[in-house]
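S.K.: Protein chains in written order, with my numbering: chain H, 574 to 690; chain P, 24 to 171; chain A, -4 to 125.
Since the hints were made in silico from the structure, they are not lab data.
Incorrect hints may appear among the rest.
[To be verified] Here are the simulated distance ranges between beta carbons:
1) P:R157 / A:K106: 35 to 43 Å
2) H:Y686 / P:E27: 56 to 64 Å
3) P:E61 / A:K8: 29 to 37 Å
4) A:R80 / P:N57: 22 to 30 Å
5) A:E6 / H:E581: 29 to 37 Å
6) H:N654 / A:N90: 36 to 44 Å
7) H:R690 / A:Q70: 31 to 39 Å
8) A:N90 / H:V689: 21 to 29 Å
9) H:E661 / P:P93: 53 to 61 Å
10) A:N59 / P:D147: 23 to 31 Å
11) P:V32 / A:Q70: 33 to 41 Å
12) P:G84 / H:K575: 48 to 56 Å
13) P:P93 / A:K106: 48 to 56 Å
[Unchecked claim] Simulated crosslink set (BS3-like; lysine-lysine; CA at most 27 Å straight-line):
14) H:K653 / P:K86
15) H:K586 / A:K22
16) A:K111 / H:K586
Note that this is a predicted model, so its numbers are computed, not measured.
By construction, the Cβ of each residue, glycine as well, lies at the ideal position given by its N, Cα and C atoms.
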Amino acid sequence: MKLHNIVEAIGLKVFNPGVPNYGNIEISGGYASDLLSDVIAGLSKGDIWITIQRHLNIIAVAKLKDAGAILIAKGLEPDKNVIEKATEEGVILLGTNLTTFEAAGKLYNLLKYGEVR
Amino acid sequence: MWEEKFRLVYRVKPMDLASAGSASSQIKVELQRNGIEEDVVRKVGIICFEAEMNMILYSTGGKLKVEVWPDRIEILAEDDGPGIEDLQKAMEPGYSTAPPWAQDYGFGAGMGFPNMKQNSDVFDVETKPGEGTRIHSVVYRSKDNETP
Amino acid sequence: MKIKEIAEKIEGKVITGEDRLDEVVEKGFAADLLSDVLALTEESSCLITGITGPQVIRVAEVLNIPLIIIARGKQPSKALVESARAAGIPVILTNKTVFETCGILYSNGMKPCKIKIFHGVADESSSFVD
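Extracted from the complex, chain H is given alone in its bound form (with noise of 0.2 Å):
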């Protein structure tokens, strides 16, 4: 499924559209961590991986990992110089006030039966 449509239908905000073909990024599954050795060690190519931490270390782990995005839940936002980073490396930043489970729910849904519910 394509992160646009992602986007649309769960309602998140995304902190840096300037990334070049942002919306056409296929996403495959979703990755559900807030620890860094868990993602490294977990995460597939073209996840979502929605945490709550919002330190400069996620833009590289991301990187590494081939994340389709990064999903900051619960309404926290990164500060500038982590969106600046993330647009350096190509690397989708996106929000919700919505908490890690019901985002995993909702994302979970969508690619498994194609809505929200």
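Could you slot chains P and A onto chain H? The hints should help.
M.R.: What follows is chains P and A alone, placed relative to chain H:
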């Protein structure tokens, strides 16, 4: 009427990540056993847990003290150093200086001070880099007692 | 959903609190950081996590969390199992990821719990709003 009823004091050891929360869960049990109101116990438990985690990860050790008064609970967390470099930053939700390895133990959400503040009726922090940090928190036991 | 139904849906194994399998848990919360859990404002949410140390059980005790689900195929520490048993808190282990666990439970009707939202990077003027 304003006499202190009892006091709990725990020594918190530095870097003992696996014991995080042991003092706080004991405090919770003690307060419950003494008939303290459920919502108060919950708030005090959260404040103590955060203070305890901070002391374990960042300090060279300290003391967690809980005083039970008829109208309120006073929490005092005092450590021997090294103090907080930038207190204003530390109060920001999501700001953390926890090293990545500590995250594997669940530390480093950067919600410590915000959580303490959120659950306290009175909350203040004194810190001096090179010396130590002193956190003082008050939770009132009922609305009627807010202005003792 | 009853705890035993939750375990079935996520193909999990109940390792403690076997006497509480008929209790109902309606809400869920997923987190790997303890302070994030401590920011929970509602009781009665189960916790879906990837941390395996005994601190998780102490958080559950302080917050009256009725069920802990340890995902990502992780094996809990001995200390966690002992603490959970002593506290009488049910723990389920599952090989599914936290993402899948949330997804399966959400699609089976488990509700998210309410949280306090912090808008943006806080300064003195920012405040919690529901």
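S.K.: Work down the list of hints and note, for each, if the structure agrees.
M.R.: Outcome of the hint check:
1. P:R157 / A:K106: 35 to 43 Å: Hint holds: Cβ distance 41 Å, inside 35 to 43 Å.
2. H:Y686 / P:E27: 56 to 64 Å: Distance hint for Y686 (chain H), E27 (chain P) holds at roughly 59 Å.
3. P:E61 / A:K8: 29 to 37 Å: 32 Å Cβ-Cβ, so the 29 to 37 Å window holds.
4. A:R80 / P:N57: 22 to 30 Å: holds (25 Å)
5. A:E6 / H:E581: 29 to 37 Å: Hint holds: Cβ distance 32 Å, inside 29 to 37 Å.
6. H:N654 / A:N90: 36 to 44 Å: holds (38 Å)
7. H:R690 / A:Q70: 31 to 39 Å: With Cβ atoms ~33 Å apart, the hint holds.
8. A:N90 / H:V689: 21 to 29 Å: Holds - the Cβ-Cβ distance for N90 (chain A) and V689 (chain H), about 26 Å, lies within 21 to 29 Å.
9. H:E661 / P:P93: 53 to 61 Å: For E661 (chain H) and P93 (chain P) the Cβ distance comes to about 59 Å; the hint holds.
10. A:N59 / P:D147: 23 to 31 Å: Given a distance of about 28 Å, which is inside 23 to 31 Å, the answer is holds.
11. P:V32 / A:Q70: 33 to 41 Å: holds (36 Å)
12. P:G84 / H:K575: 48 to 56 Å: Holds: the Cβ-Cβ distance is about 53 Å, inside 48 to 56 Å.
13. P:P93 / A:K106: 48 to 56 Å: Distance hint for P93 (chain P), K106 (chain A) is violated at roughly 39 Å.
14. H:K653 / P:K86: violated (38 Å)
15. H:K586 / A:K22: holds (25 Å)
16. A:K111 / H:K586: holds (18 Å)
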